[in-house]
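Colleague: Residue numbers (our numbering), protein chains in the order written: chain R, 1 to 286; chain P, 1 to 286; chain A, 1 to 286.
Any given hint could turn out to be false.
You can't tell identical chains apart in this list, so a pair holds if it fits in one copy or across any two.
Claimed, not checked - In silico SDA-like links for lysine to any residue, alpha-carbon gap of 20 Å or less: (1) 264 - 218; (2) 264 - 220; (3) 264 - 215; (4) 237 - 171.
Everything labelled a hint here was simulated from the structure, so no lab data went into it.
These numbers come from a predicted model, not from an experiment.
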Amino acid sequence: MSYDDLAGLRITVTNGVATATLDHPPLNLVDGVLLPSLRGFINRVRRDPDIRVVVFDSADPGFFSAHGDMAYLTDPEALPAATAAAIAAAPDMPVPDDWNILQVLSEEVRSLPQVTIGKIAGYARGAGNEFLMNLDMRFAAIGRSGQAQPETIMGILPGGAGTVNMARLLGRERALEVILGGQLVDAELAERYGLVNRALPADEIDAFVDRLARRIARLSPEVVAAVKATVETITPKVPHHAYATENGFLYSLFTEDLVASAHKQLAAGVQTREGERDLEGIYDSL
Amino acid sequence: MSYDDLAGLRITVTNGVATATLDHPPLNLVDGVLLPSLRGFINRVRRDPDIRVVVFDSADPGFFSAHGDMAYLTDPEALPAATAAAIAAAPDMPVPDDWNILQVLSEEVRSLPQVTIGKIAGYARGAGNEFLMNLDMRFAAIGRSGQAQPETIMGILPGGAGTVNMARLLGRERALEVILGGQLVDAELAERYGLVNRALPADEIDAFVDRLARRIARLSPEVVAAVKATVETITPKVPHHAYATENGFLYSLFTEDLVASAHKQLAAGVQTREGERDLEGIYDSL
Amino acid sequence: MSYDDLAGLRITVTNGVATATLDHPPLNLVDGVLLPSLRGFINRVRRDPDIRVVVFDSADPGFFSAHGDMAYLTDPEALPAATAAAIAAAPDMPVPDDWNILQVLSEEVRSLPQVTIGKIAGYARGAGNEFLMNLDMRFAAIGRSGQAQPETIMGILPGGAGTVNMARLLGRERALEVILGGQLVDAELAERYGLVNRALPADEIDAFVDRLARRIARLSPEVVAAVKATVETITPKVPHHAYATENGFLYSLFTEDLVASAHKQLAAGVQTREGERDLEGIYDSL
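Let the hints inform the model, and build the full structure from the sequences given.
Modeller: In structure tokens, the structure reads:
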């Protein structure tokens with residue numbers, strides 16, 4: 001199967017392992033380019049019998065993905081356009097009325113027959129981290145990774161499956177802290193909170209993930225399917241209404257104030273490489 | 001809103017953050033004084049639009065709260081009197097027949113619209129720790145905090161929502177260890193077991209909690225409500241029957257032997273400042 | 001009650017604590033000898049009022065239990081024979097049609113009125129680790145313990161309650177990593193992943209477990225029963241269909257290829273003391 005047409009996403013396949021590298025400068029924003037490419041890739045790879053494992057990483061050492069495009073707030077056309085493009089990228093897949101496109105993508109990632117692994121060696125905030133939380137496993141590079149949901153500071157909630165997945169992975173107490181506090185979670189804390197499987201030394205993470213991916217790629221697909229389905233009996237998928245609740249709240253919080261605030265954030269440096277290095281500092285200063 | 005009439009509880013409000021300081025010497029016992037004050041505070045603050053975050057801490061550097069009053073065991077009038085006073089402190093709130101007053105308080109704390117944070121810099125045992133486990137977040141001071149449920153050694157079970165909450169927070173295996181072992185859990189172990197969000201250096205915990213509380217207090221109440229309600233779809237509240245089961249067992253264990261044993265414990269130094277410094281040692285010696 | 005007739009299992013009783021020591025050289029395989037003895041012990045001790053706590057450990061410093069007998073794969077008579085012997089060891093206990101005998105044993109261990117504690121100071125793989133995961137608590141010796149489920153590399157899944165229990169204890173992400181990666185989990189990682197309660201220094205684990213077991217043995221059985229039943233309201237037992245699903249997949253994966261592969265593994269040193277010291281290395285080389 002060919003994956004050459006996916007803007008912002010580079011796919012390489014070796015021994016049954018596909019590496020999907022986010023390569024969409026300057027910040028790997030989850031925007032009208034990357035969102036359709038991700039959805040297109042996921043729904044194509046689902047039917048690719050040659051691929052057993054998918055590793056998601058980033059071409060940018062500083063950022064896995066900065067977050068969703070701020071234009072979703074400042075430009076009323078941006079989110080509908082990105083959504084339409086993402087729907088067109090996998091036209092035969094159902095899109096429930098009461099879920100948004102990021103939530104749809106979440107369930108599509110989670111239900112892949114392949115095993116998915118996230119490698120986090122830069123910052124992943126907002127929609128970038130929301131995407132990561134759907135993967136089967138996540139590994140973070142000590143001293144380099146940082147994960148955060150800054151949405152509440154902006155006046156919304158993580159609405160692309162992020163509030164739901166934080167609660168699922170971290171439990172109520174730590175999910176509330178991370179979502180409402182909005183601060184960056186480094187690799188070691190992410191491991192202690194269950195946001196990643198493990199924090200690994202930055203110079204070992206590539207080899208570790210590579211070995212794990214190859215091992216799993218050598219397993220028979222029947223075994224992987226049996227394990228995934230049995231695990232599912234104990235840790236079932238997110239109920240439909242959970243995403244619908246999250247999505248309902250997200251739309252209820254889209255107000256005029258939000259647009260004004262987004263413009264102020266952009267003026268202060270949000271969504272620039274310089275500003276994103278200390279996004280939390282910018283928000284504290286506003 | 002005024003909070004000046006709450007015996008044993010000092011409330012200060014700054015920038016939307018209420019700090020509720022347990023100040024009921026000598027041991028911050030959850031007794032006929034503190035229990036009604038806590039319930040009165042919680043059900044008054046619920047309707048206070050000026051307060052967005054509540055931090056619970058202690059005026060006593062050695063103890064957050066020693067535990068429930070031993071008089072509940074030795075004096076047949078004490079528990080009914082404390083319960084009646086607590087009911088009177090929030091007369092319009094429902095009190096289910098099959099729950100005890102500490103369990104009622106637990107659900108009232110958990111259902112606050114505000115975000116609640118516990119700061120643990122001394123010992124919190126028994127009912128003191130049971131209260132803490134209902135808060136949205138908890139932080140413990142390294143080298144100073146200690147949490148325990150010594151009830152099983154006394155011949156009962158943690159019955160003020162404590163057995164239920166230990167299972168909810170720690171999982172079956174660690175909950176059984178902490179409840180049946182009855183030993184003090186220090187800050188680092190509390191973090192590893194999920195009994196607190198994080199263990200923090202004792203000289204940093206105040207600033208950390210203060211910053212977090214201020215940040216959350218700046219969020220819009222709509223955002224906080226949306227996050228709490230969405231998290232609730234994944235980590236739902238404790239089912240009614242769980243507390244009822246716990247309460248049923250608690251009452252089934254109130255026996256004559258228990259009264260005799262309580263007198264022996266008091267004679268050995270339980271419920272004195274000196275004795276409470278090594279309560280586990282006293283129990284081992286009995 | 002007498003426990004002298006249990007081949008491969010040594011039982012000593014002191015102050016209400018039974019220590020069940022796996023002593024079935026050369027590898028404490030869960031085979032046609034040890035499986036019936038374990039089941040017989042568990043269903044006898046259930047009715048022994050003199051025993052309040054059961055500690056499971058191993059006479060072999062290198063191995064808690066290597067895994068299930070490879071003969072289950074290479075000899076078509078071995079598994080039926082072991083199952084029949086295990087059924088005969090507790091003939092009055094029900095054996096559901098859609099569960100295998102290891103899953104039956106799992107639920108029998110979990111439902112004991114006594115408190116069960118596992119002490120892991122050597123390697124526990126496959127069925128050996130599956131057994132451990134049913135105990136109420138587990139403690140692992142730093143530098144000595146290692147736990148793994150190598151089944152997927154062999155072409156099956158952990159089918160003796162292991163896939164289900166990994167998901168229950170570790171959550172979806174870490175369960176998938178451990179089951180599909182098949183690598184040894186050392187004591188510290190086991191603690192961080194929730195596979196054991198705690199990792200303890202190898203020279204302290206005996207005293208720690210001994211103190212904890214004695215403390216619990218001094219509690220009244222009514223208190224222990226009340227705590228266990230209340231904890232169960234929050235962390236309920238595994239649903240019947242979860243084990244049935246796991247067992248269904250296990251049998252669907254028993255193929256001719258599996259037998260051929262098992263012979264190759266045995267030839268490479270699997271199920272020898274030397275080979276089991278680096279089982280993962282053998283599998284990587286095959």
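Colleague: All hints, please: hold or fail.
Modeller: Right, here's what the structure says about each hint:
no., hint, verdict
1, 264 - 218, "between (51 Å within a copy, 17 Å between copies)"
2, 264 - 220, "between (53 Å within a copy, 17 Å between copies)"
3, 264 - 215, "between (48 Å within a copy, 19 Å between copies)"
4, 237 - 171, "both (15 Å within a copy, 12 Å between copies)"
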